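**Q** Each chain sits in its own coordinate frame; assemble them with the hints.
Chains H and G, in that order, give the protein sequences. Our numbering puts the first sequence at residues 1 to 113. Our numbering puts the second sequence at residues 1 to 115.
For the record, the hints were derived by calculation from the structure and aren't laboratory data. It is possible that part of the hints are untrue.
Unchecked claim - Below are the SDA-like pairs computed for lysine to any residue, each with C-alpha atoms no more than 25 Å apart in a straight line:
{"id": "1", "chain 1": "H", "residue 1": "K9", "chain 2": "G", "residue 2": "L46"}
{"id": "2", "chain 1": "G", "residue 1": "K49", "chain 2": "H", "residue 2": "G95"}
{"id": "3", "chain 1": "H", "residue 1": "K71", "chain 2": "H", "residue 2": "Y99"}
{"id": "4", "chain 1": "G", "residue 1": "K58", "chain 2": "H", "residue 2": "K71"}
Only a predicted model underlies this, so the values are computations on that prediction, with no experimental measurement involved.
Here is how the chains run, residue by residue.
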Amino acid sequence: DGGITQSPKYLFRKEGQNVTLSCEQNLNHDAMYWYRQDPGQGLRLIYYSQIVNDFQKGDIAEGYSVSREKKESFPLTVTSAQKNPTAFYLCASSGRLVYNEQFFGPGTRLTVL
Amino acid sequence: AQSVTQLGSHVSVSEGALVLLRCNYSSSVPPYLFWYVQYPNQGLQLLLKYTSAATLVKGINGFEAEFKKSETSFHLTKPSAHMSDAAEYFCAVSYGGSTLGRLYFGRGTQLTVWP
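Okay, chain G solo, but in the shape it has when bound (with noise of 0.2 Å):
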């Protein structure tokens, strides 16, 4: 079964500080990957996806994440967290065949920045 775990339901950092929000995946086919942010009642938007042409994939707002496939993970990291940052992340996996077009979440990690 396709599924996808995050590691960390909240995670809290200062501001300046390194972000890393953990996503691990389950597949026995070559999966496509996405980060997506989501702040308070609004709808997700995409931070950077990995579609296979390089292992590391650079997003918005200096946010980038690397396909390990040895590990099947897909980390995401920002090198110096910012206020604005503090938002819920979500980390989704695509496959083709008969899921064509379908995400699969995980259940996401609330990230809180401290002054």
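This is chain H alone, in the form it adopts within the complex (with noise of 0.2 Å):
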């Protein structure tokens, strides 16, 4: 089945370490992009890429670092840096056309203790 894979759907660190969080899509899709959903405040964009080894900034890069090594896949470091990281992460891919719907991972639910 094609579609989009995040791991792990559960996730808790410690205040101060790093953390990556896995997204791969086996949907040829050139286009790939995290999002940070937070209750009442819907989606908003932390990085994009529209092609392999290209990335931009979405809205609230700051504390995320991201790779895009693979067409398949695009993970999202979370660091030290990001003052509020406890959120609920999600992963979508595309085709480039600008009326290509964007396909959603499950999501993965980071807890900072």
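**A** Structural data, given as structure tokens:
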């Protein structure tokens, strides 16, 4: 089955530790995205990549980093510089045409203790 | 600036009643519009999208939306609510140019369906 996988589903970390969230897709999509979701705030874009080895900051990139070494993979690292990292993180992918919808993974809930 | 406004963060309806979720966009260029649904602790699922082929768009689960350029709106409707429709709904807009591929999301509307 084609789709997007995110692992793990739930993640707990101590304050001050970096943590990497996995996102893999087998839809052959060029573009991939990371969103953060907090109650009542909708989805906010962290980073996005339209092609391998290239990515752009979204609206809330501070304290996060990404890489795009393979078309299928777009991992997100939440660094210790992110002041409030506890949130639900969603990964998505799409084709590169403006009317292409984004397909979402199941999400990772990160809790920093 | 591009933006999407969803009027009403919470909407409650009785089972069998009309569902109306409102979405307005601000744009100086023709947009592409999307409605997504999210069930608790899950990712988003596409309900329908407007890509300028037809102003009335039919989606999954009996939902539909009408693009009204004069009102800059793309409201989501369903004639008869079902308990399984209870979820959070997001309106999103996409443009071309330098923002190609990006989706701008509204803050979401939580739909509650009463028996």
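**Q** None of the hints should be skipped; say for each whether it holds.
**A** We went through each hint and held it up to the structure:
no.: 1; hint: H:K9 - G:L46; in the structure: 21 Å, holds
no.: 2; hint: G:K49 - H:G95; in the structure: 15 Å, holds
no.: 3; hint: H:K71 - H:Y99; in the structure: 20 Å, holds
no.: 4; hint: G:K58 - H:K71; in the structure: 32 Å, violated
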